[in-house]
Amino acid sequence: MSAKVGYRKERLDRGIKARTDDIFAISTYREILYLILPRVFVIAGLLIFPLLGDFTGVYWQNVIVITCTIALLALSWDLLHSVGLVSLGQAVFFGVGAYITGFLAQQFGLPPLVTIPLATVFGALVCTMLLYPVLRLRGVYFGLITFALPLLFMRIIETTKVLGGTEGMSGLPALPSIAISLYIIITITLVCVFGFQRLFETDYGLVLKAIKDNDRSVIAAGFNISWFKAQAVFIAALPATFAGAFLTHHYQFVGIPAFATDYSILPLASAIVGGPGSFFGAMLGAFLLVPLSELLRDLGTLRIVIYSVILLIFVVGLPEGLYPYLRRKYFQFERVVSMELEEGGK
Amino acid sequence: MSKETILEVRNLSKNFGGVKAVSEVSFQLKRGEALGVMGPNGCGKSTLINLITGFIKPSSGQVFYQGKDITGIAPHKAVNLGIARSFQMAKPFYNIPVYKNLIIPLFSPRVRKLVGGKFGDRDEAAIHLLEDVGFERDSSIPYKAAGSLPHGYVKRLELARCLSLEPDLIILDELFSGMSMSEVASILPFLERLRDEGKTLIMVEHRLKELFRVVDKVVVLNFGKKIAEGLPEEVVQNEEVRKSYLGSEVDSSA
Chain A
0 MSAKVGYRKE RLDRGIKART DDIFAISTYR EILYLILPRV FVIAGLLIFP LLGDFTGVYW
60 QNVIVITCTI ALLALSWDLL HSVGLVSLGQ AVFFGVGAYI TGFLAQQFGL PPLVTIPLAT
120 VFGALVCTML LYPVLRLRGV YFGLITFALP LLFMRIIETT KVLGGTEGMS GLPALPSIAI
180 SLYIIITITL VCVFGFQRLF ETDYGLVLKA IKDNDRSVIA AGFNISWFKA QAVFIAALPA
240 TFAGAFLTHH YQFVGIPAFA TDYSILPLAS AIVGGPGSFF GAMLGAFLLV PLSELLRDLG
300 TLRIVIYSVI LLIFVVGLPE GLYPYLRRKY FQFERVVSME LEEGGK
Chain B
0 MSKETILEVR NLSKNFGGVK AVSEVSFQLK RGEALGVMGP NGCGKSTLIN LITGFIKPSS
60 GQVFYQGKDI TGIAPHKAVN LGIARSFQMA KPFYNIPVYK NLIIPLFSPR VRKLVGGKFG
120 DRDEAAIHLL EDVGFERDSS IPYKAAGSLP HGYVKRLELA RCLSLEPDLI ILDELFSGMS
180 MSEVASILPF LERLRDEGKT LIMVEHRLKE LFRVVDKVVV LNFGKKIAEG LPEEVVQNEE
240 VRKSYLGSEV DSSA
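Sequences listed follow chains A and B, in order. Under numbering that gives the first Met the number 0, the residue at position 64 of the first sequence is numbered 63, and the numbers go up by one with no gaps. Under numbering that gives the first Met the number 0, the residue at position 199 of the second sequence is numbered 198, and the numbers go up by one with no gaps.
Hints are computed from structural coordinates only; laboratory data are not their basis. Mixed in with the good hints there might be a few duds.
Pulled a few chain B residues facing chain A out of the computed Cβ check, cut under 8 Å [to be verified]:
{"hint": "1", "residue": "Phe-26"}
{"hint": "2", "residue": "Arg-160"}
{"hint": "3", "residue": "Leu-164"}
Ideal Cβ placement from N, Cα and C applies to all residues, glycine included.
Required output: the full structure, derived from the provided sequences and hints.
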């Protein structure tokens with residue numbers, strides 16, 4: 000047999016990964032730093048950003064507010080995806096949160112401190128009840144229902160002229176200052192990322208994850224999966240309804256655009272580009288895509304073309320997602336090794 | 000020692016459209032007994048199991064478990080009453096490490112009520128269960144993602160999942176299917192031990208030789224109907240059973 004020589008990539012875990020994954024032993028400060036530095040970097044960066052107001056300008060501060068909004072929606076999408084529910088209509092959570100806030104603020108004159116938490120929790124409840132009947136649907140079928148819901152709400156508001164109709168509700172109370180707004184939404188985003196990650200490390204989170212892999216076996220382990228999925232939808236709805244409620248007060252306005260398809264597609268794109276299943280990926284994706292779209296704004300109509308091409312490059316070139324890719328690079332060596340190919344081998 | 004009846008199936012039927020998948024099947028099972036369910040392909044064995052465990056709602060008939068009518072019960076409720084089942088097409092939770100696959104049943108309402116336990120305790124219980132069903136001690140396999148398991152181990156994991164539920168009744172749906180001779184041979188003593196320990200077992204199986212080493216009695220189905228019931232050695236002499244199997248391996252195996 001004539002042996003041809005081929006090359007392949009070999010991946011080796013760095014020592015730090017083997018030690019922290021399997022035997023949970025960290026020996027030196029260097030290793031501890033190696034593990035926590037990326038997190039510290041992200042947290043510190045986000046917390047310092049609002050202080051740089053003079054340097055960054057209000058425009059970019061607003062961009063970060065939107066970015067965090069999309070990040071929250073992407074986190075919500077990622078949580079649903081982790082339970083096996085593919086949502087194509089994150090806008091429904093966003094819109095419900097936004098309209099409840101607007102309604103509470105306009106009808107009862109409640110301050111943001113009251114309306115935002117109320118709209119977050121109550122909106123999540125409403126969305127859970129809306130989706131409860133379709134939770135047994137999977138994949139595309141569930142996706143289609145969620146895609147239709149925001150459009151349905153839009154048309155209902157448009158035709159019945161309730162809640163301000165096409166005019167929407169304006170002149171709602173504002174948040175005290177842009178710096179405070181930034182701190183609120185950045186903190187909530189960070190809490191959600193780390194909170195969701197922690198949640199999925201618990202036994203409870205394991206059950207949620209297992210539902211995606213094989214729901215029948217989860218039933219055979221004695222769990223009522225409809226009830227668990229409903230809980231997951233509620234938890235996932237919280238950041239999204241919060242985002243809607245928050246942005247309503249940020250803009251001092253709520254209208255039909257709250258159900259816009261942007262709020263469904265951008266979070267989805269963020270989570271896919273960032274890498275679904277890790278939560279951090281969803282956030283990273285949002286922090287990449289939203290500012291990128293702003294940077295391209297000067298290009299006029301071409302913007303969408305270039306934006307789409309960049310999206311394509313990411314999806315085709317990095318199908319696993321940006322975060323898993325970076326994580327792998329951080330924790331593994333990669334080297335090219337030669338190997339003998341058998342006849343007929345590739 | 001008088002044994003109580005743990006499971007009673009009365010005239011259980013299921014129609015899919017015009018097809019009678021299971022038709023008027025009745026049998027009783029006493030605590031500590033091991034029952035084999037056999038029959039040719041498509042005779043309704045798996046449907047019968049699904050009817051008992053609530054995964055399919057019966058068209059008519061009743062199921063009694065420990066004296067209680069559980070006909071058409073929600074499947075997760077059946078589990079929490081102590082009926083654990085394996086699936087013919089066993090699928091682990093692919094993206095979850097092998098031992099964590101068992102954390103899920105160990106976290107179930109039933110086990111939490113029976114055993115209690117905090118976060119972390121369950122890891123140890125899971126590893127012990129894996130060793131019980133024949134995962135090598137001190138190997139790294141339990142820590143790997145379950146998607147990488149060879150088929151034989153998937154079946155063992157499926158068995159461990161059933162046992163982790165502290166069941167009163169264990170229903171194994173074609174546990175041996177797809178396993179090699181040596182894999183079956185290595186898991187058989189374990190099943191025999193389960194029987195000797197007084198666990199109540201129902202085994203749906205095609206591989207009769209191995210099945211007969213474990214079970215005390217068998218029920219034979221054909222076209223959804225029960226055509227025979229009794230001791231394994233009696234049943235294989237039954238003319239109708241022989242005909243249903245077209246005189247295949249039955250002769251040599253008994």
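Hint-by-hint comparison with the structure:
Residue-level restraint check for Phe-26(B) is violated (minimum Cβ-Cβ distance to chain A is 22 Å; threshold 8 Å). Taken as an interface hint, Arg-160(B) checks out: its beta carbon lies about 7 Å from the nearest beta carbon of chain A, inside 8 Å. Annotation: interface hint on Leu-164(B) holds; nearest CB of chain A at approximately 7 Å, less than 8 Å.
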